[in-house]
Each structure stands twice: as C-alpha cells, then as structure tokens.
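The lines below spell out each chain.
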Amino acid sequence: MNMKKLSVTALLASSLLLSACSMSPNGDDKAKDTKKTDCDFKIGMSVSTLNNPFFVTLSDGAKAEAKDEKVDLTVVDAQDNASKQASDVEDLIQQDVDLIIINPTDSKAVASAVESANNANIPVITVDRVSEGGDVISHIASDNKEGGKMATAYLQEVIGEGAKVAQLEGVAGSSAATDRGAGFEEVAKKGFDVVASQTANFNRAEGLTVMENILQSNGDIKGVFAQNDEMALGAIEAIEASGKDIKVVGFDATDDGVQAVKDGKMIATIAQKPTEIGETAIETAVKSLNGEKVEKDIPIELELIKK
Amino acid sequence: MSKAKTSNGLMQKLGPLFGLLLIVVIISIMSPNFLTTDNIFNVLRQVSISALIAFGMTFVILTGGIDLSVGSTLALTGAVAASLLAGGTDPFIAMGVALMLGLILGAINGVIIAKGKVAPFIATLATMTIYRGLTLVYTDGKPISGLGDHLAFQMFGKGYFFGIPVPVVTMLVTFFVLYFILRKTTFGRRVYAIGGNAEAARLSGINVDRTTIAVYALTGMLAAMAALILTSRLNSAQPTAGQSYELDAIAAVVLGGTSLTGGRGWIVGTLIGALIIGVLNNGLNLIGVSSFFQQVVKGLVILFAVLIDRKKAA
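If you read the sequences in order, they're chains A and B. Mapping to numbering that gives the first Met the number 0: the first sequence position 297 is 296, numbers consecutive. Mapping to numbering that gives the first Met the number 0: the second sequence position 103 is 102, numbers consecutive.
If we strip away everything but chain A, and leave its shape as in the complex, we get (with noise of 0.2 Å):
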C-alpha cells in the first residue's frame, strides 16, 4: 500500500470517528476553509450572566471590537445557570460559528460544553474564568490573584500593619472568588488580623446586612476588603450607618464604584479592564481564524484606582 492511499484511509477513518463518537479532541482546523474574509467569520460568544454590569461591559467591549473587525458576533446569556451555558453552547455550535468564546459560569461545569466545541471542531477561546476541560486554544482574564494582593497592600498601607480587618467574600468556588481571596489572605497572612470573613455572594443587599452583621460582633475592624464593588458599597451603607471610619478597599471598578472612590467613600477598587477583555477576545478570535498563532494565556492588566 503506497503513502498516499495510507494517508487518506488514515483521514477517513479518524473523520469517521470523529463523526461518530467523537471523543477525541480536535487537531487543529485544518479543514476550516482559510480562505475567509474576516466579514465572514460567524463568532459566538456565551456570557456567564448579562444580569451584573460587568459582564456587560465585557460583552459591550467584544460586540465594539467585532464592529470594528468586521465579524459576524452572537452573544447568548447562560442567566448564570450552567446547564443553560451547555445548551447555549450547543445551539451555538448547531449554527455552525467559527469559533466559540466562553465565558463559564463555573469552570468545572463548563468542561463538557468546551470539549462539544472541540468535537465539532470549533476552537474555543474562554474569557475571566477558565475551563477545567477540553481544549482551549487562548484564555483572557486579569491576573485576580495579583488583583487581591494589590487591593490588600494598600489596605495595609492606609490603615497599618497589624490592624483587625474583614473579607467580604464572592460566591464560593467561583475562581474570581477563589483567586481574589488567595491573594488577599497571602498579604493578610502576614500583616493583619483577620477577625472575620463571610460571603455575601458578590450581592449588595448581602454585602449590607453581613457588614451589620459583622459589625456587631467585630465593631473594632479598621477596613474591610470586598471580593467585589457590589459588595464593598453595601458594606459602606452599613459602615456609614454605624458612624464608624472603616476604610473598605473594594475589586472591578463597577461605575458605581469608581464614583465611591472619587467620592472618599471607598479608598479604592481594583479595575479589571472588561472591556479591553471583551475587545481581546475577539482579537485573538479573528487572528487564530487568520490562521496566526495566538497565545495560550492572556493576562489583562488589574489597576488599582484610588482618589
């Protein structure tokens, strides 16, 4: 049997297996036709939740950049739910787009809608939180861990080393949550006393009445750091009403936010730049469907904002 005949029965038979049972992740896209313009690029992109202003953003930034490039760019909405992100994916890959940016709702859970993409052969690119599955050709996300490192280092530096402090906490086993709170507890670890920390599900009602709440028990706490604004400007109604000066550093840089800072009602919040994610994503999109070879890890800078 010559090269040749070998070669192709080799191709038919792993097609044949990829159409069948399809375990197998994909090689690259070699049969994508490369000829495309990008006008013709069908992109979709799957958001966590468009219900926080973030996401938003994130989402406002991508369909921005995918005006400017000329993409065809379908944003669906997973409403926070993860099974609603797998159907979501799957309608996505029914109509048949070039390439699937995810941003999971859960990085454990998203795993199996990544590796349909992969079975269907379309390269998927995850954005702020990762997948635990399947392959991913880029991720995008800021660095959260530097993020609570920064936001904790300048608690420190305002209220003194050794002073009493609490966490406001994300939902649990969300990664901005996990990562935001290792880097907090790395500085705090050495120079606070951390008397208390309770999640408030990155809600501004919970950030309010677990601030109370804390406050109670804890009224001598000299700042606060909150996983997210949201959470911060609650615990800042609670603070403000108990007459107490707790300085609260807050993360994300919301608009709310970013007006409590300029306001001296917070000493400062972490800007993650969602729109410059949203715009990257499909930045990244289009030069992999160009066939250019994109980086495997995108870290988008944190910066911190204070008066």
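A few of these clues could be false.
[Stated by the list, open to error] Below, simulated DMTMM-like cross-link-like pairs (lysine to aspartate or glutamate); rule was C-alpha separation at most 20 Å, straight line:
| hint | chain 1 | residue 1 | chain 2 | residue 2 |
| --- | --- | --- | --- | --- |
| 1 | A | K69 | A | E275 |
| 2 | B | K157 | A | E205 |
| 3 | A | K66 | A | E282 |
| 4 | A | K246 | A | E184 |
| 5 | B | K157 | A | D244 |
| 6 | B | K141 | A | E205 |
| 7 | A | K272 | A | D254 |
| 8 | B | K157 | A | D67 |
| 9 | B | K141 | A | D244 |
| 10 | B | K297 | A | D244 |
| 11 | B | K141 | A | E275 |
| 12 | A | K292 | A | E282 |
| 13 | A | K261 | B | D148 |
| 14 | A | K243 | B | D37 |
| 15 | B | K157 | B | D208 |
| 16 | A | K62 | B | D139 |
| 17 | B | K141 | A | E239 |
[To be verified] Covered by chain A, according to a simulated footprint, are these stretches of chain B (three or more residues, beta-carbon under 8 Å):
| hint | stretch |
| --- | --- |
| 18 | 34–42 |
| 19 | 195–206 |
| 20 | 238–246 |
[To be verified] Negatives, chain A to chain B, calculated, CB over 12 Å:
| hint | residue |
| --- | --- |
| 21 | A63 |
| 22 | T73 |
| 23 | A85 |
| 24 | N118 |
| 25 | V135 |
| 26 | G159 |
| 27 | E160 |
| 28 | A195 |
| 29 | T253 |
| 30 | E282 |
| 31 | K286 |
| 32 | N289 |
| 33 | I304 |
Since the hints were derived computationally from the structure, they do not count as laboratory data. The C-beta atom is built at its ideal place from N, Cα and C for all residues, glycine as well.
Take the given structure of chain A and dock chain B to it, following the hints.
Here is chain B on its own, set in the frame of chain A:
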C-alpha cells in the same frame, strides 16, 4: 367549641414562638453581642424587608395560592423608583409611583389567576420571569445609583423614629393594619373562606375573582414597599435585587404555621417566622459559623418546624 380544642389550637399557634425563643436563647449564650439593643434593631431592620413580602405571601397562601413573582416585582418597582429619583422626581411621587406599579403588577397576577384560570404557581412563575426580564431591560442590566439625598426617601430606609429604625416602624404599622384587615373585616373573612373551599365561598355569594385579584395586588404593593426600603438602604437599585426572596417569604409563612393548602393560618405566625429566619441569619454570622454551614442549619430549622407542625396537626 370545646375547651380542649381551643387550648390545642393555642399550643399550635405558640409553637413557632417557642421555636424563636429557643433560638434566641441559644444564640445569646453563644454570642454576647447578640442580645444588645443595637443588634436587636439591626435584626429587626434586616427582617423588615422580608417580613413585608411574607405578609403579602400570607394572604396569598391563605387563599390557597402562591406568588413566586414577589422578588421580581421588588426589583422592577425598586428600579423604577430609583430612576425617577435619579431623574429628580419628588420623592413622594417616586414612592407613590412605585407602590402603584407594585399594585398593578400584583393585580396582573391576580387577573391571570382568577380570570385566566391559570394555577397560581404557573402564572406567577411566568410573571416572575417577565418582571425580572423587564427589570433587566429597564436598567440595561446595570445598577441605578445617584439617587440624590432627598431626606424623605433617605429616612424611609435609614432613618429613626423616636430611636426606632423607620423600616421597623413601617413593618410594625403594616403588620397591625394587615392583622386588623385579616381578623376584623369582611375582606379578611373572604380570604379565609376562599382558601378553605373556593367553591363553597362562591356559592355563598363571595366574589372570589375580585378577592383573589385584590390579594395579589396587595402582595405586589407590599413587595414594592419592601423595594423602597431596600433601595433607600442601599442608596441604589440592583437589577438582581430580590432574587430568591419569594422562597424566604414562603419559608417564613410556613414556619409561622400557615397551611400551604390555604384557609388555615395567621399573620402573627408569619412575623415570627420571618424573625426566626432573620435571627438565624444574624446569629449564625455573629457566632462565626461558616457561610456554607449556615445554609445547612437554616434548612434544618425549616424542616424541623414543619415536621413538628405536621405532628401536631395530626
């Protein structure tokens, strides 16, 4: 009515109160910061929002219905009030509009259920989704802030009335008004009658449709009242506000001993039920119980309360 039956009924009614007292005693032993005037007001203020919603839910459940849309109604009315305030509208007008909107949203539920003959669970499941969606459309998914500092509006959530937090006063006044309505008015008796046996109520000349619509409208308005307190306290309105509040409200009603099948229950129990949930939230926090384990405890308390209730009813 035999005397034994009365005392049995009384025992059943006092059950939730004993439960609350037991939890209070346990938590005060474990945390010295719990039983302070400051913290009691703190708990009551936190409870006021969920209690207002649970009061409405009591009426609904007494008629044998359920209202899953209260959390979404809270979010939508809060967002509308906040955007009016941010636009410089007079606070009393903004608050009035929000309450009216709550009333209308609730009445829509009532009409769908009474006139459309849709099961309350399904009807309000649908409007829950619709109202939440409308909130997201209205707010563009972003919080509304910059409400200005109208004294009247600030007072509603953050102020004090002779040393008592205004939301607590609002909750108590509302409670007494609703208690009166339920016990002393024809409307109140109709609510019980419908829940007991809607067909019998109809045959005895009660306008079941009108009463049902009024009950859901009342619930919508109470959700709007809760929204105003929440919006004032947070100085902003969140599109995600009120998620899963319907479950807390149902839990409070059930903890208070009101039967989910309708016709049997009382609003005092709901106040106690809301307090049990509020005290648990606050107390477990004060003791420093991990937030994961807190959920387990809360679930167990609800289960325990309902099981005891079952036993007594049998």
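Each hint, compared with the structure:
Distance hint between A:K69 and A:E275 is fulfilled; the C-alpha atoms sit about 18 Å from each other, no more than 20 Å. Restraint check: the Cα-Cα separation between B:K157 and A:E205 comes to about 16 Å, which is no more than 20 Å; the hinted pair holds. Straight-line distance between C-alpha atoms of A:K66 and A:E282 comes to about 11 Å, which keeps the hinted pair within the 20 Å bound. At roughly 18 Å between alpha-carbon atoms, A:K246 and A:E184 fall within 20 Å of each other, so this suggested pair holds.
With a CA separation close to 18 Å, the supplied pair B:K157 and A:D244 stays within the 20 Å bound. The suggested pairing of B:K141 with A:E205 holds, with an alpha-carbon distance near 17 Å, which does not exceed 20 Å. A C-alpha spacing of about 12 Å is found between A:K272 and A:D254, which places the hinted pair at or below 20 Å, so the restraint holds. Of the supplied pair hints, the one linking B:K157 and A:D67 is violated, its CA atoms being roughly 47 Å apart against a limit of 20 Å.
In summary, the hint linking B:K141 to A:D244 is not supported, as the alpha carbons are separated by about 29 Å, beyond the 20 Å threshold. A threshold of 20 Å between alpha carbons decides the hint, and for B:K297 with A:D244 the separation of about 33 Å lies outside it, so the pair is violated. For the suggested pair B:K141 and A:E275, the alpha carbons sit about 19 Å apart, so the restraint of at most 20 Å is met. Between the alpha carbons of A:K292 and A:E282 the distance comes to roughly 12 Å, so the proposed pair stays at or under 20 Å and holds.
Between A:K261 and B:D148, the direct Cα distance comes to roughly 17 Å. Compliance with the 20 Å bound is thereby established for this hinted pair. Only pairs whose Cα atoms come within 20 Å are accepted, and A:K243 paired with B:D37 is accepted, the gap being roughly 14 Å. The straight-line distance between the Cα atoms of B:K157 and B:D208 is roughly 38 Å, outside the 20 Å bound, and the hint therefore fails. For the hint pairing A:K62 with B:D139, the CA-to-CA distance comes to about 15 Å; that is within 20 Å, so the pair holds.
Taking the CA atoms of B:K141 and A:E239, the gap is near 23 Å; set against the 20 Å cutoff, the hint is violated. With 4 residues carrying a beta carbon less than 8 Å from a beta carbon of chain A, the stretch 34–42 of chain B meets the three-residue requirement, and the given coverage holds. Note: the stretch 195–206 of chain B has 0 residues with beta-carbon separation from chain A under 8 Å; the three-residue rule is not met and the coverage is violated. Look at the stretch 238–246 of chain B against chain A: 3 of its residues bring a Cβ nearer than 8 Å to a Cβ of that chain, three or more, so the hint holds.
Look at A:A63: its CB is around 16 Å from the nearest CB on chain B, clear of 12 Å, so calling it non-interface holds up. In this structure A:T73 is separated from chain B by more than 12 Å, as the shortest Cβ-Cβ distance comes to about 18 Å. No beta-carbon of chain B comes within 12 Å of the beta-carbon of A:A85; the shortest separation is about 20 Å. Interface exclusion of A:N118 from chain B stands, the closest Cβ pair being 32 Å apart, more than 12 Å.
No beta-carbon of chain B is positioned within 12 Å of the beta-carbon of A:V135; the least distance is around 26 Å. Distance check for A:G159 against chain B: the nearest CB is about 25 Å away, which clears 12 Å, and the non-interface claim stands. No beta-carbon of chain B comes within 12 Å of the beta-carbon of A:E160; the shortest separation is about 24 Å. The non-interface label for A:A195 is inconsistent with chain B: the shortest C-beta to C-beta separation is roughly 7 Å, within 12 Å.
The beta carbon of A:T253 sits about 8 Å from the closest Cβ of chain B, which is not more than 12 Å, so the claim that it is off the interface is violated. Every C-beta of chain B lies more than 12 Å from that of A:E282, the closest at about 24 Å, which supports listing it as non-interface. Listed as a non-interface residue, A:K286 keeps its Cβ farther than 12 Å from every Cβ of chain B; the least gap is roughly 29 Å. Look at A:N289: its CB is around 32 Å from the nearest CB on chain B, clear of 12 Å, so calling it non-interface holds up.
The Cβ of A:I304 sits about 17 Å from the closest Cβ of chain B, beyond the 12 Å cut-off, so the non-interface label holds.
Of the numbered hints given earlier, the model fails hints 8, 9, 10, 15, 17, 19, 28, 29; all others are met.
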